[in-house]
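*Asks:* Residue numbers (the numbering used here), protein chains in the order written: chain A, 34 to 322; chain B, 6 to 314.
Each pair of labels, with its calculated beta carbon distance range: (1) B:Leu275 to A:Phe228: 40 to 50 Å; (2) A:Gly225 to B:Ile135: 45 to 55 Å; (3) A:Gln86 to B:Leu303: 49 to 59 Å; (4) A:Val153 to B:Gln64: 17 to 27 Å; (5) A:Pro76 to B:Met6: 55 to 65 Å; (6) B:Trp70 to A:Leu298: 46 to 56 Å; (7) B:Trp70 to A:Asn210: 45 to 55 Å; (8) A:Val138 to B:Asn71: 29 to 39 Å.
Just a sample of chain B residues kept apart from chain A, beta carbon distances all over 12 Å, derived: (9) Leu115; (10) Pro170; (11) Lys176; (12) Ala216; (13) Val240.
If you're looking for bench data, these hints aren't it; they were derived computationally from the structure. For glycine and all other residues, C-beta sits at the position ideal for the given N, C-alpha and C.
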Amino acid sequence: MPEGTLPPINELRRFVRVLLSRGVVLFGVIIILGTLFAAVFAPLVAPYDPDAQLLDDVLQQPNRKHLLGSDSLGRDTLSRIIFGTRITLLVGVGTVIIAASLGTVIGLIAGYFGGWAFTVIMRFTDGIMAIPFILLALVVAALLGTGVKGVMIAVSFALWPGYIRLICGQVLSVKENEYVMAARSVGVHHIGIMFRHILPNCLSPLIVQMTMMMGLAILIEASLSFLGFGIKPPSAAWGSMVYDGYKYLVMRPILSLAPGLAIMLVVFAFNMVGDGLRDALDPRLRGTL
Amino acid sequence: MHAVLVILIVSLIVFLLMRLLPGDPILMYVASGDLQSFSLEQIQHLKHQLGMDRPLFVQYFDWLWNAVQGNLGKSLLHKYDVLEEIGKRLPITLYLGLIAFAIGCVIGPLLGVISAVRRGKWLDSLVTVIANLGITAPPFWLGILLIYLFSLYLGLLPVYGYTSPSVDLWKNLQQSIMPIFVLATFPIASAARQTRSSVIEVMRQDYIRTAWAKGLSERVIIIRHVLKNALMPVVTLQGMLLRNIIGGSVIVETVFVIPGMGKLVVDGMLSQDYTVVQGVILVVAVTVVVSNLVVDVLYGWLDPRIQYE
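Based on the sequences and whatever the hints tell you, model everything.
*Replies:* Below, the structure is given as structure tokens:
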């Protein structure tokens, strides 16, 4: 083949191949798709209504009727875990979208304009980041009251400073590129430069961060629910299921251990896919993988 | 200067958040006595006494000024001095947290190096899987699992509680093993992951190839050439973990019923005892900012290229 006519590399196919080449990432993708399926088709997949209190079947051992047993009110654990995927995914995806969009816009402003906008925003970010995630989420959740919406805002509030830092750092290096100068010189508006020229070049670390943070968001939500500040019963949230089951640990350990295992599995899946995305999106590794 | 500014910002955020919280602190104060016997006038009087009828910013500066002088106010519910209570509980949290942190600092990087050096071998796979599980395990779940296994099923360890090591060292050790294990899991796992990837990255560098070519032994190359350059990101991570000691205590102290800072703040939130929560968060933020300074100094020492004005 003469030089210069190499077959074009299909970027998307390369991306998918690299992403799925590691078994553990593939496992993560499957778990996430499975969770998504369970969330969408929960009423069809779950053997029982998650809130139905079957008073004859209180605190059952795992058996053929209740594969993962049932809780103190006679609710089927498996059905509650299946319906719990809805809250888990909603909180995971929702908080990350809220936190990432807010953080990205503020980070863009701080990094692009520099000067005192940078100073004020970054000092404020330092201030929020000095308070541990969980404490911040705890206070904001208490402020907004329990419920899915309140918890989502609380968790986003704990996570958004991370995005400000990330995007700001990216912008500081991207804005030194000549194409930014070129855009300025032909008179493109600041907003145009920020969103059309700088933002697309910050996307890969953002996507990786977002995937990783989904795991973290789910963990924080579960922790809040466990502490009693998150999503309150009777909603089927995994964190509060672990807490409820804790009271019956001696008799029915599965009530607490099964939903905890579900949390762990989903968080693990998001982390692994995040890892895989980082490798697949890293331009330094392009060609080697 | 920067640190002072950050602490000021934190104090403002905390103060405003606490004031926005639903529930009237004054009612908490009264309810702890006898709500029936208080008339509206008396409540007004009490508000005046506690200075809660003044403008918000006056209250803020008053609180801040007192805090600077070491007075974080009294618990609304139990009337104890907040700073004194923190003084009693902080050592417990730091005792468990620092032991766990130290374990993480040693074992994490060690596992990471072993795994990187034996890259692709079964040992590497084992470490990677354990590390990946370690960063995902929800601490409350891990705690419950341990309690079930070691306390209820095997009956080897006490279920929960805390005894000061100066009172009964043996009992303290028995009670601390599980909390320390839970607290150390994340530091070990994340440090192992970080060390592994940065060691692998450094091992690709030209100067490492040169070192091999010179005929140096593997031990010398790893310790003298690789580790020194690979540890920078690990130190950053450890700084983050150090800052998270008190944050991490929130869950663990609730699961194992340990009277530390985390339990204090959760109880304070549950009973809407805002002066307590406010005080704890301020103290936590100050420790975080101070540990940031320590990490910065460490940086300069590890990498002489970094200079601070």
